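> Sequence:
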Amino acid sequence: MGNKRKSDNFIIPNIEREFQNEYIKKHQQQRIHSEEHLMTINLLMTSQKRLQRDMHHEEPHTCEERDDSASEETSNWHQKPYWPVLTKIKS
1 MGNKRKSDNF
11 IIPNIEREFQ
21 NEYIKKHQQQ
31 RIHSEEHLMT
41 INLLMTSQKR
51 LQRDMHHEEP
61 HTCEERDDSA
71 SEETSNWHQK
81 PYWPVLTKIK
91 S
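Residue numbers (our numbering): 1 to 91.
Derived from the structure by calculation, the hints contain no laboratory data. Treat the numbers as computed from the prediction; the structure is a model and nothing was measured. It is possible that part of the hints are untrue.
To be verified - Label-pair distances were calculated between CB atoms; the ranges are:
1. 54 x 34: 29 to 35 Å
2. 52 x 25: 48 to 54 Å
3. 25 x 46: 27 to 33 Å
4. 76 x 48: 35 to 41 Å
5. 18 x 50: 45 to 51 Å
6. 25 x 45: 28 to 34 Å
Said to hold, decoys possible - Below 25 Å or equal to it, Euclidean Cα-Cα: the simulated DMTMM-like pairs (lysine to aspartate or glutamate) are:
7. 25 x 35
8. 80 x 58
9. 25 x 36
10. 26 x 16
11. 49 x 36
12. 26 x 36
We treat Cβ as the ideally placed atom computed from N, Cα and C, and that holds for glycine.
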């Protein structure tokens, strides 16, 4: 045991402190991430509940009127094909 240097006693605790600091940082990051995740989920759930509650309070005939007016209108818009149309194919 006489072979140990005084600097060895200083190096080993420093390495242990580095591992402890890394563990603490990782734990803090995980905790922050999980808290943010829970807050996001809570926000989404409350907004979904509000939307559902608002939809139940709406008058039911307003949706039917919108559907009727949309079906009466005709659209002149046509989507262009992605590939060009071939007019003739020569053999």
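> Determine for every hint whether it applies to the structure shown.
Comparing the hints with the structure gives:
1. 54 x 34: 29 to 35 Å: At 31 Å between Cβs, range holds.
2. 52 x 25: 48 to 54 Å: violated (41 Å)
3. 25 x 46: 27 to 33 Å: At roughly 32 Å between Cβ atoms, residue 46 and residue 25 fall inside 27 to 33 Å, so the hint holds.
4. 76 x 48: 35 to 41 Å: holds (37 Å)
5. 18 x 50: 45 to 51 Å: holds (48 Å)
6. 25 x 45: 28 to 34 Å: holds (31 Å)
7. 25 x 35: holds (15 Å)
8. 80 x 58: violated (38 Å)
9. 25 x 36: holds (16 Å)
10. 26 x 16: holds (15 Å)
11. 49 x 36: holds (20 Å)
12. 26 x 36: holds (15 Å)
When held up to the earlier numbered hints, the structure conflicts with 2, 8 and fits the remainder.
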